[in-house]
Amino acid sequence: MFHSFDARSFPDVAKPTCHLIRPESSYEGKQGLTYFAGIATESVGSSGICMHVLTMPPGARAKAHLHENHETAIYVLSGEVHTWYGDRLENHIVAKAGDLFYIPAGVPHLPANLSGAPSSAVIARTDPKEQESVVLLPELDALVA
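Residue numbers (the working numbering): 1 to 145.
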């Protein structure tokens, strides 16, 4: 027998809705960078994505790390970011304003702003709890001087 479901009968079940986030508050990630709070499970209840804005001051760099279970897509809004990546951080790219950069799950990386100007980027990840699968790799930090 088929039973119909009426969500109004279950007031404790939240109906999905749209959310507007203004990136005004910030937090420090395990990676050592300060992120503007954005879209995540904690802020909007997302279940498959998170998105943040990151501004790196001149000379800032993250700790070497990887994201065990999620992919990362980055759109550079301004400035440039150097990123070393690979098992021994042996690869290097420079992403500039207007560039898109993809980091697969499980790839060690270390971003840094080597310029004299701030750089900003929008970062989207496939894990709505972005910090949970961050794994710090302190043994790689010294490989990037």
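Derived from the structure by calculation, the hints contain no laboratory data.
One thing to keep in mind: the hints can contain errors.
Stated by the list, open to error - Straight-line alpha carbon distances no greater than 25 Å define the calculated DSS-like cross-link-like pairs of lysine-lysine that follow:
no., residue 1, residue 2
1, K15, K96
2, K30, K63
3, K129, K15
4, K129, K30
5, K15, K63
The hints, checked one at a time:
1. In summary, the hint linking K15 to K96 is not supported, as the alpha carbons are separated by about 40 Å, beyond the 25 Å threshold.
2. Our distance criterion of 25 Å between C-alpha atoms is met by K30 and K63, whose separation comes to about 8 Å.
3. Taking the CA atoms of K129 and K15, the gap is near 21 Å; set against the 25 Å cutoff, the hint holds.
4. The straight-line distance between the Cα atoms of K129 and K30 is roughly 13 Å, inside the 25 Å bound, and the hint therefore holds.
5. Between K15 and K63 the alpha-carbon distance is near 39 Å, which puts this suggested pair outside the 25 Å criterion.
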